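Kindly generate the complete structure, drawing on both the sequences and the hints.
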Amino acid sequence: MAAHSEVYVLGGYQTDFGRNWTKENKHFSALMRESVLGALERCDIAPEEVESAHVGNFAAELYCMQGHLGAFFTEVHPAFSGLPTSRHEAACASGSIALLAASSEIEAGRYDLQAVVGIEQMKTVSAAEGGAYLGTAAWYAEEADGIEFPFPKLFGRLGDEYDRRYGLKDEHLAEISKINYANAKLNPNAQTRTWYMNKEHALCRTEDNPAVGGRIRIADCSQVTDGAVCVFLASRAYAEKYARGMGRKLEEIPRIKGWGHNTARLRFADKVAESRDDEYVLPHVRSTITSAMKRAGIEDVSGIDGIETHDCFTTSEYMAIDHFGITAPGESWKAVEEGWLEIDGKHPINPSGGLIGAGHPVGATGTRQLLDAYLQVTGQAGDYQVEGAKNFQTLNIGGSGTTSVSFVLGV
Amino acid sequence: MSSSHASPSPSEVRRLLASRKIERVVVLGANGTMGYGSAALFTQAVPSVTFLARTKAKAEEGLAAAIKQVRSPTVASRSEVGDYENDLESAVERADLVFEALTEDFAIKKQMFDRVEKARRDDAIVATVTSGLSINELADGRGDSFRRHFLGLHFFNPPNVIVGTELIAGRDTDPELVDFVEAFSRTRLGREMVRTADTPAFAGNRVGFKVLNEAAQMAETLGPVLVDRIVGPYTGRALTPLATIDLVGWDIHRAIVDNVFEKTNDEAHDTLRLPDFMAGLMDRGVLGDKTGGGFFKRDGKTRLALDIGSGDYKALSEVPVPDMAYVDSIAGLYAQGRYREGMAAFLAAEGQEARLARKVVAGYLSYAFHRVGEVADEIGAIDRIMGMGFNWAPPSVLVDVMGPKAAVEMIGEAGLPVPEALVSAAKSGEPKRFFGHPHINIGRFFVAG
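Quick mapping for you: the protein sequence lines, in order, are chains A and V.
Its first residue numbered 1, the first sequence is counted upward by one per residue in the working numbering.
Its first residue numbered 1, the second sequence is counted upward by one per residue in the working numbering.
Simulated from the structure, these hints should not be mistaken for lab results.
Because the structure is a prediction, the values reported are computed rather than measured.
A couple of the hints might just be wrong.
One-sided and incomplete, this derived list gives chain A residues near chain V with beta-carbon spacing under 7 Å [unchecked claim]:
{"no.": "1", "residue": "Thr15"}
{"no.": "2", "residue": "His27"}
{"no.": "3", "residue": "Arg33"}
{"no.": "4", "residue": "Glu34"}
{"no.": "5", "residue": "Glu200"}
{"no.": "6", "residue": "Thr206"}
{"no.": "7", "residue": "Arg276"}
{"no.": "8", "residue": "Asp278"}
{"no.": "9", "residue": "Glu279"}
{"no.": "10", "residue": "Tyr280"}
{"no.": "11", "residue": "Gln385"}
If you want the ones that stay clear, here's a sample from chain V, every Cβ over 10 Å from chain A, calculated [unchecked claim]:
{"no.": "12", "residue": "Glu23"}
{"no.": "13", "residue": "Val70"}
{"no.": "14", "residue": "Glu89"}
{"no.": "15", "residue": "Asp123"}
{"no.": "16", "residue": "Ser134"}
{"no.": "17", "residue": "Asp258"}
{"no.": "18", "residue": "Leu304"}
{"no.": "19", "residue": "Ser317"}
{"no.": "20", "residue": "Pro322"}
{"no.": "21", "residue": "Val447"}
Cross-link-like lysine to aspartate or glutamate pairs, in silico, DMTMM-like; alpha carbons within 25 Å at most [what the hints assert, rightly or not]:
{"no.": "22", "chain 1": "V", "residue 1": "Lys432", "chain 2": "A", "residue 2": "Asp16"}
{"no.": "23", "chain 1": "A", "residue 1": "Lys123", "chain 2": "V", "residue 2": "Asp328"}
{"no.": "24", "chain 1": "V", "residue 1": "Lys68", "chain 2": "A", "residue 2": "Glu207"}
{"no.": "25", "chain 1": "V", "residue 1": "Lys21", "chain 2": "A", "residue 2": "Glu337"}
{"no.": "26", "chain 1": "V", "residue 1": "Lys21", "chain 2": "A", "residue 2": "Glu338"}
{"no.": "27", "chain 1": "V", "residue 1": "Lys21", "chain 2": "A", "residue 2": "Glu342"}
{"no.": "28", "chain 1": "V", "residue 1": "Lys432", "chain 2": "A", "residue 2": "Glu41"}
{"no.": "29", "chain 1": "A", "residue 1": "Lys390", "chain 2": "V", "residue 2": "Glu12"}
{"no.": "30", "chain 1": "V", "residue 1": "Lys21", "chain 2": "A", "residue 2": "Asp344"}
Ideal placement from N, C-alpha and C gives every residue a C-beta, glycine not left out.
Right, here's the structure in full:
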């Protein structure tokens with residue numbers, strides 16, 4: 001294990017998550033093209049500089065009848081023909097797995113500049129069909145087959161488990177939803193930035209906010225989203241050269257200071273059974289978070305200025321609050337009540353709006369989180385900037401808390 | 001007109017938002033489309049919104065429509081209803097913002113503002129959603145406090161879908177207040193705010209309806225099917241022009257172009273003259289979608305098109321349209337995100353239809369760039385309202401994608417005045433980017449259809 005990570009993030013580009021690429025009659029390749037060309041231009045990097053590319057994607061075979069996504073990178077620019085590329089899949093954590101693969105190749109000294117593209121086009125199919133595709137992120141035959149919208153139900157059970165162990169009030173979940181939607185209004189790339197939402201709506205228990213899985217209602221859910229995010233990772237040598245070219249100091253270029261990665265058993269029931277005697281409901285997620293902090297040399301969450309976490313449902317953010325150590329286990333509600341999660345609070349979570357507010361193009365989410373962390377620690381997050389942020393941490397989760405990946409990005 | 005306007009820093013935005021509170025909004029004319037749509041929008045961020053109309057029953061109708069539009073019970077829980085006769089003064093005296101959405105009639109608005117001026121608190125904001133009347137004329141003769149707190153806040157219909165919003169300060173509007181309304185509308189209501197001058201139809205409708213009306217004029221000889229094919233999505237719009245006029249309503253279209261035609265006299269004046277056939281058909285009750293048909297209508301699943309000579313409708317399948325293979329090849333390029341290549345194919349396409357399409361696009365670019373300094377300080381403002389208010393490729397985006405040299409040639413070929421900014425960019429040879437809004441994806445405007 002590298003004692004001291006030397007992987008730098010040079011920035012990137014996110015497509016507007018509010019777009020519906022099916023309505024624009026666009027092919028998957030247009031989505032990749034816009035994100036990569038956008039990133040090259042935004043970061044002022046010539047295409048010839050890119051040495052390798054990693055694509056994170058969950059299920060293009062299902063949504064778009066298209067596999068072999070790494071190869072599509074070569075379609076973006078003539079200079080990319082012949083580059084080594086690959087595709088990575090770990091359900092909703094696919095984007096972060098692609099980042100891990102790229103960063104380990106940099107650490108191994110194989111390449112100096114890597115493009116990482118997280119991408120998903122989901123609006124090609126109906127909500128019900130898409131819901132079934134997402135079910136393949138669980139153990140499909142055991143947990144999803146024949147069940148309408150299996151994932152809200154699985155994450156409803158996460159809420160039930162909290163309720164059983166510690167007690168849980170729906171109004172705290174509604175508050176989480178409200179904060180994410182409110183933050184999304186500040187993010188020009190957020191899918192829901194123009195949607196109608198307020199706390200009362202999130203709390204309402206009528207047909208305007210119907211239940212989709214136990215205690216999970218529509219306002220508790222992340223979105224079905226089309227989107228792609230391309231970021232560039234670089235070695236120290238390349239980052240030094242890049243910083244010089246941009247008239248900046250190396251210290252101003254954010255670095256992946258730490259990472260965590262764990263995979264728990266697939267079935268939700270098995271996870272909960274394993275954690276029966278643990279104070280954390282999902283101890284492997286906790287371990288992912290703490291190992292990223294440890295590698296970054298950060299003792300606890302007080303050293304983290306903001307978090308981009310995986311709120312695929314309000315219950316997953318509720319879980320993240322105590323798993324990050326913002327509160328004692330089971331007391332996430334305190335952070336909600338104290339206002340700590342707001343952009344100007346003690347522990348801002350999802351200033352971007354997260355998966356609920358900004359959107360959740362499954363394979364792109366991990367790269368979107370890292371790009372938002374980059375914007376935060378370089379002071380470029382605009383209206384959703386956490387003032388003075390130096391260290392940001394991400395948490396990206398695939399399945400029902402199955403694959404988890406966390407990065408600490410800082411300057 | 002406001003001076004050139006840069007985005008304020010996040011801390012400046014937070015300071016502005018903290019500088020005043022919008023907790024009570026009164027909407028006047030809350031039974032009209034813009035009235036209830038705007039009122040619905042306010043309820044998401046404002047705890048108390050009062051829907052006022054001529055009668056309480058009308059206000060109730062507005063509230064019901066608002067609830068239906070945004071499908072949230074919080075619209076009802078945050079709203080009250082009332083009528084002008086009994087409730088106006090008591091509602092206005094408590095309001096932080098009075099939002100006027102009455103019918104577009106100067107005398108009616110003036111009369112209402114007399115009452116609002118008497119009842120309002122000294123610090124209350126008064127905004128009008130007018131799309132046709134002058135902000136300065138509406139404020140004329142009013143007291144200092146009213147004039148300082150009065151501005152135009154022009155939402156586009158329906159406001160819950162279209163985020164582009166024009167903000168028009170009057171001569172005496174407090175600049176700090178304008179900054180506040182912009183910050184509030186952007187961060188709390190999710191609006192894309194564009195500052196425009198107090199000129200007829202402001203920026204969006206001035207430029208947009210010029211293009212729409214030119215398409216309507218072309219329909220007289222070419223017929224609506226061919227016109228909407230020529231000025232189709234591949235020219236940088238989601239909805240074709242004549243279908244747009246049907247959606248907006250022919251009466252609204254007439255009100256806007258007549259107003260601009262009467263009050264302006266620019267280089268494209270003739271393109272703003274309402275075609276006679278539209279006036280004739282309107283006399284027979286044709287107003288577009290709201291009357292069941294305009295240029296197009298539906299008969300069950302069959303889409304019909306207007307035969308302008310006879311006033312009858314024919315199935316689209318029976319209307320002959322020339323082969324326009326170039327449109328499909330452009331769409332194929334757009335589908336892969338190859339917008340430059342698609343635009344190059346558009347510029348190179350041969351035939352009468354392609355030439356007509358380029359003439360319309362050239363007219364749009366020429367007209368928009370010539371309005372800089374008149375309707376807005378910079379092309380960027382026109383770009384944003386065309387992009388986010390009309391969902392059309394902004395003029396600068398088209399220039400960037402085709403290149404200034406090609407744009408200059410296209411406009412010249414169409415026999416239209418070439419904007420100086422494009423001429424100098426084409427001459428300098430330096431790569432110049434006209435579109436300066438990094439958060440707006442230009443790809444969204446190149447619809448592959």
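Results for each hint:
1. Thr15: This hint holds: Thr15 (chain A) lies near chain V, its Cβ roughly 6 Å from the closest one there, short of 7 Å.
2. His27: 5 Å, holds
3. Arg33: Holds, because the Cβ-Cβ distance from Arg33 (chain A) to chain V comes to roughly 4 Å (cut-off 7 Å).
4. Glu34: OK, holds: Glu34 (chain A) within 7 Å of chain V, min 5 Å.
5. Glu200: At 4 Å from the nearest chain V Cβ, Glu200 (chain A) passes the 7 Å test, so the hint holds.
6. Thr206: Hint on Thr206 (chain A): holds, closest Cβ of chain V at ~6 Å, below 7 Å.
7. Arg276: Violated. Min distance 40 Å.
8. Asp278: 39 Å, violated
9. Glu279: Since the shortest Cβ distance to chain V is 37 Å, the answer is violated.
10. Tyr280: With a minimum Cβ separation of about 35 Å from chain V (threshold 7 Å), the hint on Tyr280 (chain A) is violated.
11. Gln385: The hint holds - Gln385 (chain A) has a Cβ within 7 Å of chain V, the shortest such distance being about 5 Å.
12. Glu23: 13 Å, holds
13. Val70: 4 Å, violated
14. Glu89: 29 Å, holds
15. Asp123: Asp123 (chain V) clear of chain A: closest Cβ-Cβ about 25 Å, beyond 10 Å.
16. Ser134: Holds: least Cβ distance 29 Å, greater than 10 Å.
17. Asp258: 32 Å, holds
18. Leu304: 24 Å, holds
19. Ser317: About 21 Å separates Ser317 (chain V) from the closest Cβ of chain A, which puts it past 10 Å; holds.
20. Pro322: For Pro322 (chain V), whose nearest Cβ neighbour in chain A is about 22 Å away, the distance exceeds 10 Å, so it holds.
21. Val447: At about 5 Å from chain A, Val447 (chain V) fails to clear the 10 Å cut-off, so the statement is violated.
22. V:Lys432 x A:Asp16: 24 Å, holds
23. A:Lys123 x V:Asp328: It holds: about 23 Å lies between the C-alpha atoms, which stays within 25 Å.
24. V:Lys68 x A:Glu207: 13 Å, holds
25. V:Lys21 x A:Glu337: 23 Å, holds
26. V:Lys21 x A:Glu338: Within the cut-off at roughly 22 Å; holds.
27. V:Lys21 x A:Glu342: 19 Å, holds
28. V:Lys432 x A:Glu41: 14 Å, holds
29. A:Lys390 x V:Glu12: Holds, because 21 Å separates the two Cα atoms, which is no more than 25 Å.
30. V:Lys21 x A:Asp344: Cα-Cα ~19 Å, so holds.
Against the hints set out earlier in the document, violations occur for numbers 7, 8, 9, 10, 13, 21.
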